[in-house]
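Peer 1: Sequences and hints are given; from them, build the entire structure.
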Amino acid sequence: MPGVGTIGQSGGVIDRVTLRPPRNLVSPRAVPYWRLRAAAGWLPVLVAGIVALVLVPERPAWAVALAALVVLVAVLHIVVMPQWRYRVHRWEVTPEAVYTQAGWVSQERRIAPTSRIQTVDTERGPLEQLFGLSKVTVTTASAAGPLWIHGLDHTVARQLADELTATTQATPGDAT
Amino acid sequence: MTSPYGTESAAAAAVPDGAPWRRLDRRMLAIRPLQALFRAAVPLAVLLLVQRDGAIQQVVGLVAALLVVLAGMAHWFTTRYRIGATQVELVTGLLRRRRLAVPLDRVRSVDVTASPLHRLLGVAVVKVGTGSQAAGEHDELTLDAVSAAEATQLRGELLHRGARAEPATDAPRDLAPTPAETPIARLDLRWLRFAPFTLSGLVTAGAIVGFVANFANEVRPDLGGLGAVRGAADQVAGLPLAGVAVVVAVGLVVVVSLLSVGGYLVGFWNFSLTRHAGGTLHVQRGLLTTRAVSLEERRLRGVEVSEPLLVRAVHGARTVAIATGLSGGAGGALLLPPAPLAEARRVAAAVLRDPEPLATPLHRHGPAARRRRYTRALGVVTVGVAALYGAHRWAGLPRWPWIVALLLLPVAALLAADRYRNLGHALTGGYLVGRSGSVTRDTFALRRDGIIGWRFDQSLFQRRAGLTTVTATTAGGSSAYTVPDLAEAAAIRLADEAVPGLLIPFLQR
Chain A
21 MPGVGTIGQS GGVIDRVTLR PPRNLVSPRA VPYWRLRAAA GWLPVLVAGI VALVLVPERP
81 AWAVALAALV VLVAVLHIVV MPQWRYRVHR WEVTPEAVYT QAGWVSQERR IAPTSRIQTV
141 DTERGPLEQL FGLSKVTVTT ASAAGPLWIH GLDHTVARQL ADELTATTQA TPGDAT
Chain E
663 MTSPYGTESA AAAAVPDGAP WRRLDRRMLA IRPLQALFRA AVPLAVLLLV QRDGAIQQVV
723 GLVAALLVVL AGMAHWFTTR YRIGATQVEL VTGLLRRRRL AVPLDRVRSV DVTASPLHRL
783 LGVAVVKVGT GSQAAGEHDE LTLDAVSAAE ATQLRGELLH RGARAEPATD APRDLAPTPA
843 ETPIARLDLR WLRFAPFTLS GLVTAGAIVG FVANFANEVR PDLGGLGAVR GAADQVAGLP
903 LAGVAVVVAV GLVVVVSLLS VGGYLVGFWN FSLTRHAGGT LHVQRGLLTT RAVSLEERRL
963 RGVEVSEPLL VRAVHGARTV AIATGLSGGA GGALLLPPAP LAEARRVAAA VLRDPEPLAT
1023 PLHRHGPAAR RRRYTRALGV VTVGVAALYG AHRWAGLPRW PWIVALLLLP VAALLAADRY
1083 RNLGHALTGG YLVGRSGSVT RDTFALRRDG IIGWRFDQSL FQRRAGLTTV TATTAGGSSA
1143 YTVPDLAEAA AIRLADEAVP GLLIPFLQR
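Chains as they are written, first to last, in the numbering used here: chain A, 21 to 196; chain E, 663 to 1171.
Hints may be right or wrong, so weigh each one.
[What the hints assert, rightly or not] Ranges of calculated distance between the beta carbons of each label pair, as one might list FRET restraints:
hint : chain 1 : residue 1 : chain 2 : residue 2 : range
1    : A       : E183      : E       : P682      : 44 to 52 Å
2    : E       : T748      : A       : E183      : 30 to 38 Å
3    : E       : V909      : A       : L86       : 32 to 40 Å
[Unchecked claim] A partial selection of chain A residues facing chain E, derived with a Cβ cut-off under 8 Å:
hint : residue
4    : A117
5    : S126
6    : R136
No lab work stands behind these hints: they were computed from the structure. As the structure is a computational prediction, the values presented were derived from the model and not from experiment. All residues carry an ideal CB built from backbone N, CA and C; glycine is no exception.
Peer 2: Listed below in structure tokens is the structure:
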């Protein structure tokens, strides 16, 4: 095939250009929020384990090993994930674009021009209200393209949504 | 025209742009009740024909049938629509009135469908697509149904507002192209050779087998009692197993092929793709149910050429439009049924009015992307083999599953090689081009000004290998078009060049 192998061979200045992370961190209260949510997610597993422990008398070696593994994964998830997420989750809004970064093991960065934004929502679940947090969802005309900012301080989220809504309304066209 | 239910007063009183209300075609007074009766056929038949409680039951059945018919007819009496200067409006529903208004400048496509019953009576269903991505069925404006001539006229009214000169009476029954349309492609019966390789007949065969099995289960015919069947069964039992297997396999291939060819003919008979001078593309097809889809060219965001493995093996492909207002799912975006690859590319180029995107050489993704193809394909099989071996060693599973799984390793390696060979991307003057996949190889050409956002995804393994998967989001088609496993710098450069300016504030050297 012609046109082979342009990547990593030119070695010019442009190859050292990187996408820097967005500037703003989310609220530090997102860490205990994520931790509580992760713990809540493991609760059914814990209950199932205890029930099995009580009801089943024999304990084969493989079952003990499996239980130990599950406990290890759960503890790691609850301890490590929130901190990791907090380091990754970032956002930035300029007059031209919204830029978000999210994830922990798998990470993603999303960029959408403000001219293509269709709706801006803020949303607070019961657990989020407990921590004074909000989730901001920015949708574009693409079904695959919403940008989420989780774990924002509620006031920051409201300001951000107002700001983005104002910018969006000032932009003509139907954003497709 | 006044409705016997007197329901139009309130809605008709508020006439902002003065256009008259129109009704659906009168023939719907027959079609709707027939369709409703057909849908309710089984319970009605049970009520009317199965003698159990005598007269009362039959009266109930008759009343029910009458209600079904009346409800079907009510649709005609309660439905009105009009096309004003700024919007299309539809008012419908007997008990729950619904009023739908679509601004004319949001109309992206018009889909004219006619089932055999509709065709028999010379009417067609008109669906107006607006391209709202969140659209459920309720957001689509459906006129079920108007006369075939009116359907053609509506298409003109809704899409060619700039060029209103279109003669509407020109194409009465079969929606034939008007002189203002230039042909791009039409069905060539030699394309039927691709039909068996689409395996579309497999679905039909599965449905038939399921139906027969279900029927046999319900009725439980005593096959053993039939001498001929028992004789045949005895004969089969006497044959060597390998022979029976070969016969069954050959039979299955023949049946699936015939069903596929039949399905191709039913779906794509009389297929043609034309371009209207008013700025629309027009696809029509169908043997029994005819379908004519018109979409505005300025809603077109690109095209996709799709090659399923078997079809690719015989150098075939199909072409699909990436357009806002077409969901793509229900086949509405199809521009060309399975046809020779060269034809699929020609049609794509003609639709885009740009031969470059599908002819341009693609950049490879480099050795790291190749390694990732192999580690992923071989990794999955290796884990499977290990699990099956473990189950054999410690849980008493027979030996053959893990040995068979071991044989999948070379298959996985071939798949990985093909997946890497197909991986590629390029940027032309107006388009982002990407190709990937092996079981289905998809090549997309997406308009750069149709890209409304970027996603850069990295798994843990991708970060270690320095790779990024770039996804361009758009308002049409499948919403997201992905270029997998680019070197990080190349990924950023590609996105930066494809949509100049957007990334600049976030770049650092």
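Peer 1: Now tell me if each hint is right for this structure.
Peer 2: Cross-check of the supplied hints:
no.: 1; hint: A:E183 - E:P682: 44 to 52 Å; result: holds, 46 Å
no.: 2; hint: E:T748 - A:E183: 30 to 38 Å; result: holds, 32 Å
no.: 3; hint: E:V909 - A:L86: 32 to 40 Å; result: violated, 48 Å
no.: 4; hint: A117; result: holds, 6 Å
no.: 5; hint: S126; result: holds, 5 Å
no.: 6; hint: R136; result: holds, 4 Å
The structure is inconsistent with hint 3 alone, although it conforms to all the rest.
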